[in-house]
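Please arrange chain B with the ligand on chain A, whose structure you already have, making use of the hints.
These protein sequence lines map, in sequence, to chains A and B.
Note that the first sequence covers residues 180 to 575 in our numbering.
Note that the second sequence covers residues 526 to 887 in our numbering.
There's no promise every hint is true.
What the hints assert, rightly or not - Coverage of chain B stretches by chain A, computed from C-beta distances (three or more under 8 Å per stretch; other residues unrestricted):
1. 638-646
2. 701-707
3. 838-848
If you are wondering where the hints come from, they were derived from the structure by calculation, not from laboratory data.
Heads up, the beta-carbon is just placed ideally off N, CA and C, and yes, glycines get one too.
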Amino acid sequence: MDLSYTPEEEAFRAEVRAFAIEKIPEAIRDKVRRGRHLEKADFVTAHKAFAERGWSVPGWPEELGGCDWTAVQKHIFDEELALASVPGRIPFGTNMAAPVIIEFGSEAQKERFLPPIRSGDEWWCQGFSEPGAGSDLASLTTRAVLDGDHYIINGQKTWTTLAQYADWIFCLVRTDTEVKQQEGISFILIDMKTPGITVRPIILLDGRHEVNEVFFEDVRVPVENRVGEENKGWTYAKHLLSHERTGIARVGHSKHQLGVLKQIATSEQSEGRSLIDDPYFRAKIAELEMDLMALEMTNLRVIAAADGPTPLEQAGMLKIRGTEIQQRLTELIMEAVGPAGQPYQPEALGDRWNEPTIGPDYAVPAAPTYFNWRKSSIYGGSNEIQKTIIAKVMLG
Amino acid sequence: MDLSLSDEQRLLVETVERFVADRYSGTDHSDLTKDAPFRREDWVSLAELGLMGLLRDEDMGGFGGGPIELALVAESLGRGPVPLPYWSSVVLAGALVDGQGMGAAMLEGELLVAPALLEPGARYDLGSVSTTVEEQRISGAKTVVPLAEEADCFVVSALEAGELGLYLVGRNAEGVSVRSYQTQDGVRTGEVVLEKALIESRIASGEEALHRIETGADLARIALASEAVGCMAALSGLTEEYLSTRKQFGRPLAGFQVLQHRMVEMRMAVEETRSIVLVAAREAAGSGRTEQARAVSAAKTKAGRNGRHVAEEAVQMHGGMGMTMEYPAGRYMRRLMMIETTLGDADYHAGRFSRLMAVPAA
Ligand SMILES: Cc1cc2nc3c(=O)[nH]c(=O)nc-3n(C[C@H](O)[C@H](O)[C@H](O)COP(=O)(O)OP(=O)(O)OC[C@H]3O[C@@H](n4cnc5c(N)ncnc54)[C@H](O)[C@@H]3O)c2cc1C
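Isolated chain A (complex conformation) (with noise of 0.2 Å):
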């Protein structure tokens, strides 16, 4: 074992690096440094930086675009970019929709879909979750009926991230019902003009439309635009499940966190000192710190162990405790900035504000962004059902 970082691996840390402060425009940065929300544009032009750079979908196969990059070198990428606040990339193109289209989908398939998506040309979301069908995904009951070359879609589903945006959506549509749930359900992929979509915002705790209810009513889908068999869906969606796992665990997002949970303790005074000098408050700030080193290593660890798919329970682990890290986080800093964080000031959280806030300018975050974050333990596989996936692994 050796577990220190190669000149090679070094160099490519700074190319990172260089490249993240020279080609994500500032003004992007400045507002993931201060928790200020980006906009659609933001996330469009920081992808569109990535694809010129040859980096936008590192994790596909190289002849697609992909980079030829060891499991440490992917680690890297994420803590540099993260570190230089660089904002998180949607996962819902690169990371979800394209494995299964570039696994289990027609050549076609494969030339309509993954140019755009690399280049950050149309956005996708993810529709999964549906109001009956949450932690139990396979009860979904979204009907995909076909009439000659078309299925016709009926149904709900909820919680979709960003579908305010998105050009296309991957669905789990029921597609049998005579079967066992998991074997009539099928992956397809529609196009969010079609007539008789229809997106309506969800408001989240923070005050912000994040996530939508998307409904479908005669919804007419060409049938070239399922992936892979029919009723095969479900074996696609854990194959997505399973994919690209390396990021999972936020490490980098979470090391720039501290960094900035320092920073404000720094700044707010407390009884004639310095927050962070105050003996009682550092001791849970190291020992937040304490948690995330070793998270760090575990990270290390699972993804150089596997390079492809990570085993399931293993993300889950790292889900679990880099989401409990994150959500400490968020809770430190509220504490930190104390009465300050009081106010509710959204507008000064968006684009052009230019008015002072109230109060420090660190502090306008720290409640909605604590608000926020509650999410991170339900999506994606809530933290209870991580733990019921690892305890089956473990016991059988």
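Relative to chain A, chain B with the ligand alone:
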């Protein structure tokens, strides 16, 4: 000792519960995106129910209640939750202006008094004051003042020739400016800037001013901690109800043992916090200052820690539903987080408790 509610106390609770149900059972008032205004008529109806004078002696037109009645009222308000800063403009204000002849107008809800004690950058230290008074004019800045825009006057802490004092300042006096906003839980609040504003009167100075601030803040903390109990109880109830009806994997979520145990923990947290608030209420009614302060800090610490635990568990166990603005769980979570950051958070009070804690001689 008698741990049961008297008839009068039961009536009091029922009255507040009715008020909350009548006025705050909808969801709209807590939708932050709608920027709900302060409704003066709600304030007046609180007054009509006699709640403005809860802690005032009966011969002064009050209810003659003490800290226990305060805890009962606040818990019921917490179940709303009600975006009215009762802890501030009734409890704290009442303690600060005691004996100033403002009683009648305050009791009727006509005179709205906003305590303006905390200064920007002072965190939770009410003793950190740099507002000054010179020749009847007051200058300085105060932060997160509930109902700043809506109040008729402020009670401001300031230094005059180096000595702490409490001053009455009219909301509309020249030199007073307010930047109004809502807090994360939809309570109208504001930043107050005083530039050579003419004071109306000096209420107290020196030891007396300090005493009023300290005892007033401790009473207000009991109200806040008890309000937190109300929020937590509501969350616990909501979660039990939701998990009993929400089905996944062919059965109600309440059937899964991991979730059952966590609901039990929530319930225990509610009961534990309710108990410690009662300890604080008992001490506040009679003991010496140290015992009072210590018990109040215990209550505020527990309310902070348990409040966050219960809120986070409630949201988590509701899944996506708990994350929405529309569903009430988030409303209680937001209120609990604001309670936590008002008049000292859990760390602040754990610190105060540990300084006052009895330790054996070395
Ligand atoms: C912000 C956000 C964004 C999202 N984005 C998307 C998206 O883009 N596309 C998409 O398809 N979905 C999305 N989701 C949906 C997400 O995947 C679901 O919320 C999640 O699967 C949980 O389902 P649910 O909300 O119906 O909760 P439920 O399944 O009703 O679960 C409620 C609670 O019960 C627990 N629970 C459930 N079953 C068990 C069990 N057997 N044992 C123990 N505990 C259990 C859960 O862990 C949870 O705590 C998003 C959700 C959120 C909050």
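Output the indices of the hints that this structure fails to meet, ascending. Failing hints: none at all.
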